[in-house]
Amino acid sequence: MNAALPPQVATEFRRTLAAPERPLLTRGGWATFTVVAYVLLVLVPALNLLLPASHPLHVSDYVVTLAGKIMCYAIVALAMDLIWGYAGILSLGHGLFFALGGYAMGMYLMRSIGREGVYHSDLPDFMVFLDWKTYPWYWSFTDHFWYAAMLVVLVPGVLAFVFGYFAFRSRIKGVYFSIITQALTYAFMLLFFRNDTGFGGNNGFTDFKRILGYPIAAPGTRVALFVATGVALLGALLLARWIVTSKLGRVLTAIRDAESRVMFCGYSPLHYKLFVWTLSAVLCGIAGALYVPQVGIINPSEMSPANSIEIAIWTAVGGRGTLVGPMLGAFVVNGAKSWFTQAFPEYWLYFLGLLFILVTLFLPRGVIGLLRGRR
Amino acid sequence: MRPLGGQRSGECRKRGGTTVSAAALHTVDSGSAGLAQAGMRIAGADVDTTHGPILYLDGITVSFDGFRALNGLSLTIDDGELRCIIGPNGAGKTTMMDVITGKTRPDAGTAFFGQTIDLAKLTEAEIAHAGIGRKFQKPTVFEQHSVFENLELSMKADKRVRKAIGARLARADLDRIAETLELIQLADAADRLAGLLSHGQKQWLEIGMLLMQEPRLLLLDEPVAGMTDDETMRTAELCLSLAGRHSVVVVEHDMDFIARIARQVTVLHEGSVLAEGPMDVVQADPRVIEVYLGR
Chain A
254 MNAALPPQVA TEFRRTLAAP ERPLLTRGGW ATFTVVAYVL LVLVPALNLL LPASHPLHVS
314 DYVVTLAGKI MCYAIVALAM DLIWGYAGIL SLGHGLFFAL GGYAMGMYLM RSIGREGVYH
374 SDLPDFMVFL DWKTYPWYWS FTDHFWYAAM LVVLVPGVLA FVFGYFAFRS RIKGVYFSII
434 TQALTYAFML LFFRNDTGFG GNNGFTDFKR ILGYPIAAPG TRVALFVATG VALLGALLLA
494 RWIVTSKLGR VLTAIRDAES RVMFCGYSPL HYKLFVWTLS AVLCGIAGAL YVPQVGIINP
554 SEMSPANSIE IAIWTAVGGR GTLVGPMLGA FVVNGAKSWF TQAFPEYWLY FLGLLFILVT
614 LFLPRGVIGL LRGRR
Chain B
581 MRPLGGQRSG ECRKRGGTTV SAAALHTVDS GSAGLAQAGM RIAGADVDTT HGPILYLDGI
641 TVSFDGFRAL NGLSLTIDDG ELRCIIGPNG AGKTTMMDVI TGKTRPDAGT AFFGQTIDLA
701 KLTEAEIAHA GIGRKFQKPT VFEQHSVFEN LELSMKADKR VRKAIGARLA RADLDRIAET
761 LELIQLADAA DRLAGLLSHG QKQWLEIGML LMQEPRLLLL DEPVAGMTDD ETMRTAELCL
821 SLAGRHSVVV VEHDMDFIAR IARQVTVLHE GSVLAEGPMD VVQADPRVIE VYLGR
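Protein chains in written order, with our numbering: chain A, 254 to 628; chain B, 581 to 875.
Chain A on its own, in the form it takes in the complex (with noise of 0.2 Å):
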């Protein structure tokens, strides 16, 4: 091919051509990450913890809570998009995910309630109530922290690693993928409904009472399990630009557009969506674990087909493909939902259908795509 090309021709491209340059975030991300990095980590913990609550900049614990809650799923969002914006894979089960990491976190902090129960036992409430005499195998070593923490990790990564291999090897696509996702989701949610499974049945996990043996009502660990929550969003954003931005990022929006092509110039599709699943399962699984002690409590409503639906609203809301889209979405989508839940409880699955097919015909790259198209 040099031979097709006098060398002076070379020699100017070899000048000319430039690698591009795909920096982690531009400078103007790194300046708006740095001030949302300072008022969640910084400002809205002083202004909840140092100002008396009569102040006028006083920041409630209703907030806090209520903006932890959405950081959480705003993690979810961002994974989400990592297999539905940039791989194209739709899933329609990842409330799955999140619950099971939620559940994990659960099992700890039962285990931490102590004897304080209604019935003073060492088991859970709902144990004794099922008059179990000793905990189930899977609930053992839970009273570790780090134990469970491996287990909010594991168990929706392993699960998701094995589905996936599955599934992406058996080339299971598009609108049989997403199907089928929510088909799992659903059957988790009524193994977890039934009492013998061990999970509290339809009830689930509440009434905790301690994290790491600090109060969990205390405003102390609620800023701190908010503050936890700022940084897992953070380093989750981070990681998650890390990868789009790399040779991988690219990998995986080439196989969103062209599988054919990628597997014919050598690339295995099979590993590369088998990786970015199972990280988003992670993902969604440590968001869920950050959710229970802020909400303080875990049932398994959280794995209906609904929940998963409504992920994919959040990411789609946002802007698919963006990373920062899926989240705002997260925030636009929950805020919205606080308040109209409370002004017209009866209503918000309509609004919450009719925004859904607004956002697709008017607005097909989503509440980002709007505020970039201003600019």
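Don't take every hint at face value.
[Unchecked claim] Below, in silico cross-link-like pairs of lysine-lysine (DSBU-like), each with a Cα-Cα straight-line distance of 35 Å or less:
#1 B:K701 - A:K426
#2 A:K426 - B:K743
#3 B:K683 - A:K426
Because the hints were derived from the structure by calculation, they are not lab data.
Quantities reported herein were computed from a predicted structural model and do not represent experimental measurements.
Go by the hints and put chain B onto chain A.
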């Protein structure tokens, strides 16, 4: 005939990734090494063509719901050869390419790449790694990526996930992309999204992507479909320049194009070889005239 085939190819599969990456690294080290040289070096390491041919198809049969798309097809392509394959619609041309690239598994028969690589045992990605590049009938490029990124992604490299996360372009990689951009006449469009290219440009980009893989064998399925006369001529020149460095198999309907590049022509009909030989001999064959050329 090839008693060692199965065993050896299994071994190849296991160490496929590392062998290729070692070869690719070698290319990078040697700086301005051209594609041709790089191709030769990789050739020595991977594909055994000591007996001459690079591709053996022997008695390949593929049935779809009882319809025999390929019916005992036997075909041999020599190393460095430019072979044109023609045949009426439904003759099995695309199915043959599917078999060679691992997309379709044959019901019977054997397909070997070189002396040792049994294609029936490899996945699409492994076959691509072994050194077979394929251009689709409909140009298939990554439309949401720039022309540059299309070439970057298809470049010969270690294509495992963990290598992709920290992959960086070396100077030599950029040079190779620049050379290919020049060759496919898209140097000015490097930053343009591939989806915005004209049909002919997409065809060329796809050929450029194949070349970035440094394949030993190139399969081109209708490379000039939808091209202007001028583009067709330039594609013909490109194909001729590729022969020798790569083995090239061209499937085409455009007889002017075939006439321009053809050396050896194979005519497929109803899933097997009807005639084979130089263009003028094949054209004069009464059976060929009956099924194809005469119509």
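Each hint, compared with the structure:
For a cut-off of 35 Å, the pair hint linking K701 (chain B) to K426 (chain A) stands: about 24 Å separates their Cα positions. A distance of roughly 25 Å separates the Cα atoms of K426 (chain A) and K743 (chain B); the hinted pair therefore holds under the 35 Å criterion. Annotation: proposed proximity of K683 (chain B) to K426 (chain A) holds, straight-line Cα distance about 17 Å (limit 35 Å).
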